[in-house]
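S.K.: Please arrange chains P and H on chain L, whose structure you already have, making use of the hints.
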Amino acid sequence: MRRTLVKASLHTALNVLFFTVIGTFLLAITFFQTRDRIAQSEQTEKLKLISQLIPSSSFDNDIVADAQHLAPDALLGTTTGGTAYRARLHDQPVGVVLEAVAPDGYSGRISLIIAIKADGTLGGVRVVEHKETPGLGDYIDIAKSDWIQGFDGKSLTPQHDADWQVKKDGGQFDYMAGATITPRAVVKAVHKALQYFALHRTELFMQNSPASPDKGRRGGVKESTK
Amino acid sequence: MSAFFSPFISKPDTVSAIMLKVLLALLPGIALYVWYFGPAILVSITLASLTALATEAAMLKLRKRPVAPFLKDNSALLTAWLLALSIPPLAPWWLIVVGTAFCIAVAKHLYGGLGNNPFNPAMVGYAVLIVSFPVQMTHWVTPLGMGATELSFVQQLQYIFSGILPGGLTLDAVTMATPLDTLKTQLHLAHPANEILTQPIFSSLAGHGSEVVAIGFLIGGLYLLASKIISWHLPVAFLGTLFLVAGIFHLADPSHYVAPVFHWFSGAAMLGAFFILTDPITSPTTHKGKFIFAAGAALLTYLIRVYGAFPDGIAFATLLMNICVPLIDAYTQPKVFGKKEKKA
Amino acid sequence: MTSQEMKDIFYNGLWKQNTGVVQLLGMCPILAVSSSVVNGVSLGLATAAVMALSGAAISPIRHAVPNEARIPVFILIIAVLVTVIQFAMNAYVHALYLVLGIFIPLIVTNCIVLARIEAFAAKQPPLQSAMDGLAMGLGLSAVLAVLGGLRELFGHGTLLSGIDMVFGAGAKSWVITVVPNYHGFLLAILPPGAFVTLGLLIAGKNYMSQRAAANEQRKPIKPAVVTA
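Chains as they are written, first to last, in this note's numbering: chain L, 1 to 226; chain P, 1 to 344; chain H, 1 to 228.
Okay, chain L solo, but in the shape it has when bound (with noise of 0.2 Å):
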């Protein structure tokens, strides 16, 4: 009896064990059939974002792989860091792809890409994740609306930061009539990026050592569906 018992279970352990190496083997396979492919087309997917804000025929570096990890910082309304992509032509520096976040949307927080060119002007802002009411904030996305190219061509104002807010409040940004908070929002947080760009101008065109990008997922430059 307990010889057929540790027999069955043998025989019931040996038999998943052979499926699970033949499941292992096939996706090995698949992985490195696919492996630069899915490389490549993450790589387009970021440098096709980066491009609708910093025209690609302006930098000859490889945009993607010239980041840099940043901390996370209260400017930038990021908690876990972010990424820093820096285009550069002739190894001048260009413009800079910054991730931000402002964190006081309407239903939560709202991620943004934030395109700053070296002379401190926005290369321009798009939204890539959000929790917005759909149909009435979300018009911040550029798929829904292209109220974000507001943002393009925009700097600090130092003499006048009142332009820094929505029409309804007195600065120089539209606003659809029933949703003011999300606009605010958006508006304060690029704001509050331009400010950090001024301070760590230097830092942010620094040269990499042997560059890093932070992989995967976390680059968060990625269109969102929701």
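Everything labelled a hint here was simulated from the structure, so no lab data went into it.
Each hint should be verified, as a subset may be incorrect.
Said to hold, decoys possible - Ranges of calculated distance between the beta carbons of each label pair, as one might list FRET restraints:
{"#": "1", "chain 1": "H", "residue 1": "P192", "chain 2": "L", "residue 2": "D60", "range": "32 to 40 Å"}
{"#": "2", "chain 1": "P", "residue 1": "K61", "chain 2": "H", "residue 2": "M27", "range": "49 to 57 Å"}
{"#": "3", "chain 1": "L", "residue 1": "T20", "chain 2": "P", "residue 2": "D253", "range": "13 to 21 Å"}
{"#": "4", "chain 1": "L", "residue 1": "F31", "chain 2": "H", "residue 2": "T109", "range": "18 to 26 Å"}
{"#": "5", "chain 1": "H", "residue 1": "W174", "chain 2": "P", "residue 2": "I164", "range": "32 to 40 Å"}
{"#": "6", "chain 1": "H", "residue 1": "S209", "chain 2": "P", "residue 2": "D253", "range": "56 to 64 Å"}
{"#": "7", "chain 1": "H", "residue 1": "E216", "chain 2": "P", "residue 2": "L42", "range": "52 to 60 Å"}
{"#": "8", "chain 1": "H", "residue 1": "K16", "chain 2": "L", "residue 2": "F31", "range": "33 to 41 Å"}
Said to hold, decoys possible - Think about it this way: if two alpha-carbon atoms lie no more than 20 Å apart in a straight line, the pair counts; the simulated EDC-like pairs of lysine to aspartate or glutamate are:
{"#": "9", "chain 1": "L", "residue 1": "K7", "chain 2": "L", "residue 2": "E45"}
{"#": "10", "chain 1": "H", "residue 1": "K123", "chain 2": "H", "residue 2": "E5"}
{"#": "11", "chain 1": "H", "residue 1": "K16", "chain 2": "H", "residue 2": "E216"}
{"#": "12", "chain 1": "H", "residue 1": "K172", "chain 2": "L", "residue 2": "E45"}
{"#": "13", "chain 1": "L", "residue 1": "K7", "chain 2": "H", "residue 2": "D164"}
{"#": "14", "chain 1": "L", "residue 1": "K144", "chain 2": "H", "residue 2": "D164"}
{"#": "15", "chain 1": "L", "residue 1": "K131", "chain 2": "P", "residue 2": "D181"}
{"#": "16", "chain 1": "L", "residue 1": "K48", "chain 2": "H", "residue 2": "E5"}
Claimed, not checked - To list a few chain H residues with every Cβ distance to chain L over 10 Å, as calculated:
{"#": "17", "residue": "L24"}
{"#": "18", "residue": "K123"}
{"#": "19", "residue": "Q217"}
The beta-carbon is built from N, C-alpha and C at its ideal position, and this holds for glycine as well.
M.R.: Same frame as chain L, now just chains P and H:
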């Protein structure tokens, strides 16, 4: 409610008379509404009524039921009026038409028609509209005496049907957010509650103008109570619980939570207590059940108002409690006398 | 396999036992990704591929797996196949992969896959099992196509939006704008719209089946046609 009809439905003329009295009871509120916000509301009520009757007739035809007796029972009209009163009067004409058609066709007839619908049809229509068209649903007419440009009736009509405002006016100039919405936005910006309430949109009880309309609905509700069309359990439990919960929060932190009276006279609280929750088809049958139902609705309303993403919570609270009605009914049904409990 | 058997398998998968509107299995992805035709059909086809492949893979080994290790081994095989498809989609249709996101790996947990393996592939020869998986998957895709189409049409007034995620930027012109300058009916796009539309589809299917059954009764009984 399950497969059988409530007793009063066997006599259509009685339903019709009751519904007519409920419609009458809405009149003081509507009159005050017109006084403070202009006659646009009458246009939405008319549009809603026409759509409701047309949809009702079409659905009855499709379902091969007699059209005339059901059309005369006034229940479709009540649904239409309640929906029209819950949405901004200056909304484009198609908004109320889509909403009312959805109420009658989906929320009422697809569930089996009068007596079988588990959800309050008007509130289903409201939920569909607020979810689908949030922008159009947030432009409320600015009440009389707030210094805003007042539109004439013709101008209002023109805007409802064509979306054109008289020269140079923006929608922002003639509309605003509701008091509840304004309160929520301002609290979000970290202003203390007592400071917010000094703004001109607010008045002694709640919102300027809208508080008086709420009193109008309260008067109509008291008439319904007096004429024994509704029982006191639902409104008392609803308003009592709302007062209690709002009171506890207000006492704990008055800078974040406004006084309970504000909650009573803002949004659709009065309309909900006397006209929406009291729908006999979608509320429990026993007194105990009614208490649980209304108290739950009040609690949910408060939570949605304070923590939710939508400015008012009556509609969603009502719908959520509607789902619980069969359960509440099952647990509050009096034991049948003489029947011994089975020993398991 | 006889042609009658084949016919039965496809009749079951596409209509009589349709996963989407009859068995109501795997509702989570059905409701979540059916916001447009392209999303719905893509996930439907991915599921169909997994079901056909897993049917073909599991049926030949059905006698080799001890009964008590059956479920883990089946799930293992399904998981491997799903991961292979996930890699492939990530590599070749990256944009679509990002949209479907979590729902691709979740095909593993879609109960319809294991249900068909248990109910069919574990008892039938490989070809039949593969065909059953394919038929069930195609039935699911059909429901997702109709559901996605209705939701997209009512929600955005378009059809086939996002087709460029599958066939590249050149396919952008394939998008059909049915109602120009549409206001948008958000309810259709949001999750509640998925429930409402699916409910209407189920009602439609029941209506058609009942009418067919009623017609059948009225008709005089025909002599059965015997096919070999």
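S.K.: Checked against the structure, which of the hints given earlier come out wrong?
M.R.: Violated: hints 1, 2, 3, 9, 13, 16.
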